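Number of protein chains: 2
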Amino acid sequence: MHEPLFEYIEAKSELKLTDEERLLIKSKFQPKRLRKRQYFLQEGDVSKYVAFIVKGSARMFSVDDKGHEHIIRFGLESWWLNDAESFISLTPSRYNIEMLEDSELLIISVADAYELRDKSRLFDLTIKAMDKQASMATQRRIHAAISMTGEERYDELVNTYPQFLQRFPQNMIASYLGLSPETLSRIRKNLMSK
Amino acid sequence: MHEPLFEYIEAKSELKLTDEERLLIKSKFQPKRLRKRQYFLQEGDVSKYVAFIVKGSARMFSVDDKGHEHIIRFGLESWWLNDAESFISLTPSRYNIEMLEDSELLIISVADAYELRDKSRLFDLTIKAMDKQASMATQRRIHAAISMTGEERYDELVNTYPQFLQRFPQNMIASYLGLSPETLSRIRKNLMSK
DNA sequence: CGATTTTTTGAATCATATCAACGTACGTGG
DNA sequence: CCACGTACGTTGATATGATTCAAAAAATCG
Numbered sequence: 134m135h136e137p138l139f140e141y142i143e144a145k146s147e148l149k150l151t152d153e154e155r156l157l158i159k160s161k162f163q164p165k166r167l168r169k170r171q172y173f174l175q176e177g178d179v180s181k182y183v184a185f186i187v188k189g190s191a192r193m194f195s196v197d198d199k200g201h202e203h204i205i206r207f208g209l210e211s212w213w214l215n216d217a218e219s220f221i222s223l224t225p226s227r228y229n230i231e232m233l234e235d236s237e238l239l240i241i242s243v244a245d246a247y248e249l250r251d252k253s254r255l256f257d258l259t260i261k262a263m264d265k266q267a268s269m270a271t272q273r274r275i276h277a278a279i280s281m282t283g284e285e286r287y288d289e290l291v292n293t294y295p296q297f298l299q300r301f302p303q304n305m306i307a308s309y310l311g312l313s314p315e316t317l318s319r320i321r322k323n324l325m326s327k
Numbered sequence: 134m135h136e137p138l139f140e141y142i143e144a145k146s147e148l149k150l151t152d153e154e155r156l157l158i159k160s161k162f163q164p165k166r167l168r169k170r171q172y173f174l175q176e177g178d179v180s181k182y183v184a185f186i187v188k189g190s191a192r193m194f195s196v197d198d199k200g201h202e203h204i205i206r207f208g209l210e211s212w213w214l215n216d217a218e219s220f221i222s223l224t225p226s227r228y229n230i231e232m233l234e235d236s237e238l239l240i241i242s243v244a245d246a247y248e249l250r251d252k253s254r255l256f257d258l259t260i261k262a263m264d265k266q267a268s269m270a271t272q273r274r275i276h277a278a279i280s281m282t283g284e285e286r287y288d289e290l291v292n293t294y295p296q297f298l299q300r301f302p303q304n305m306i307a308s309y310l311g312l313s314p315e316t317l318s319r320i321r322k323n324l325m326s327k
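One line per chain: the protein sequences are G and S, in this order. Quick note, the first sequence lines up with residues 134 to 327 if you use the working numbering. Quick note, the second sequence lines up with residues 134 to 327 if you use the working numbering.
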């Protein structure tokens, strides 16, 4: 069950885990199964855990006054789930995290995550690598959101995350891109004829 | 010259620097002065340095095919400057970083930054705290960009970063919000009459 | 298979961009 | 210190991209 996490850590840190370190990490990460449509985090709750996705997928989204959902980000195998804002400041979350497929997670509490970063150099390096990658990805996304048309943003998504198209329904892709489902449908129709 | 950086590190890490650590940090960060309109990073260059802003301000922006500029983020005192994407992957940057006021920076190379994180626990804690804060801020910004109208985004900026209105011209605020200068002008006019 | 969800299409409407013109503020060299 | 040039902000008219609402078609699920 923990094997994919170990592989992830060794890949990110570019180092090999000792048996001792494996045991330590295993002791802090609890397996958790969530079925499709179950929530990992609900709006108003405080995000006390981070999850590593072993298998499955999820979306983090907010709901506005009009009841429209906006997808902040998706999660797939080897990605992490949590609301940075709530997790860090320990305030109630404005977001929901819902599983989109039957999933297997490995969860760790805030306190244990800090402790583990202190005790395991590899784990610490892994989180640093993840932070860097995340900051790159969010910088790109902000750039796309403020400077591109819907069609350009869809184009970039097709190139950057082609898996999304296989795994997620089109109306969720639209929400992720900040478009209405109808608009994305029309954009795709348009691209067909080119 | 390095005093503001020391204060920043002690505030973020919630610990006190030793004299030894101060010397080490001082030896890695070079002072650099840039005047208004000078560039810290130009599109096409690789971002090899990170800068801590002691005094002054800057903007990071891209230029699209039509020659329009899009501001990804601003920098002010105690903020950091670099292009995450270029810095991390050592690829030529798609962005420019230009000083908006005569500024004093403390710059550190990629290699030295890694080394310093290894050698100074306080510096490492500081960067971790900064990463967390940055991930919170970018999550908020993405949420705003994909789910809010121009007026709502301006409103949020007024509440979150009121300093921006004092320090930066309105057309740059518009660019940061992903709006044309004309649209922001009209939004402000609208808000006046409420 | 029927029921529900997702996608598509059309028409009307809204938000924002674009282009052009004008007024104002600003800083820079003479 | 003034005058000029450049940058900035506002306003109006028009164009465009995207949303909304409604309905039908297609896909998916139990």
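Keep in mind the hints are simulated off the structure, nothing from the lab. Since this is a predicted model, take the numbers as computed values, not measurements. Check each hint, because a few of them may be wrong.
Copies of the same chain are indistinguishable here, so a pair counts whether it falls within one copy or spans any two.
What the hints assert, rightly or not - Derived pair list, reagent style DSS-like, types lysine-lysine, alpha-carbon separation capped at 27 Å:
{"id": "1", "residue 1": "Lys181", "residue 2": "Lys145"}
{"id": "2", "residue 1": "Lys169", "residue 2": "Lys265"}
{"id": "3", "residue 1": "Lys265", "residue 2": "Lys199"}
{"id": "4", "residue 1": "Lys145", "residue 2": "Lys265"}
{"id": "5", "residue 1": "Lys145", "residue 2": "Lys261"}
{"id": "6", "residue 1": "Lys265", "residue 2": "Lys322"}
{"id": "7", "residue 1": "Lys322", "residue 2": "Lys145"}
{"id": "8", "residue 1": "Lys265", "residue 2": "Lys252"}
{"id": "9", "residue 1": "Lys149", "residue 2": "Lys188"}
{"id": "10", "residue 1": "Lys199", "residue 2": "Lys169"}
{"id": "11", "residue 1": "Lys165", "residue 2": "Lys199"}
Verification of the supplied hints:
1. Lys181 <-> Lys145: So Lys181 and Lys145 pass the 27 Å test inside a copy (24 Å) and across (22 Å) alike.
2. Lys169 <-> Lys265: neither (30 Å within a copy, 29 Å between copies)
3. Lys265 <-> Lys199: neither (35 Å within a copy, 31 Å between copies)
4. Lys145 <-> Lys265: Intra 11 Å, inter 19 Å, cutoff 27 Å: intra and inter.
5. Lys145 <-> Lys261: both (9 Å within a copy, 17 Å between copies)
6. Lys265 <-> Lys322: neither (36 Å within a copy, 40 Å between copies)
7. Lys322 <-> Lys145: neither (39 Å within a copy, 50 Å between copies)
8. Lys265 <-> Lys252: Classified as both: same-chain Cα gap 21 Å, cross-chain 20 Å, threshold 27 Å.
9. Lys149 <-> Lys188: within (23 Å within a copy, 43 Å between copies)
10. Lys199 <-> Lys169: within (25 Å within a copy, 44 Å between copies)
11. Lys165 <-> Lys199: This pair counts as neither: shortest intra-copy Cα distance 33 Å, inter-copy 50 Å.
In summary, the structure is inconsistent with hints 2, 3, 6, 7 and 11 from the numbered list given earlier, while agreeing with the others.
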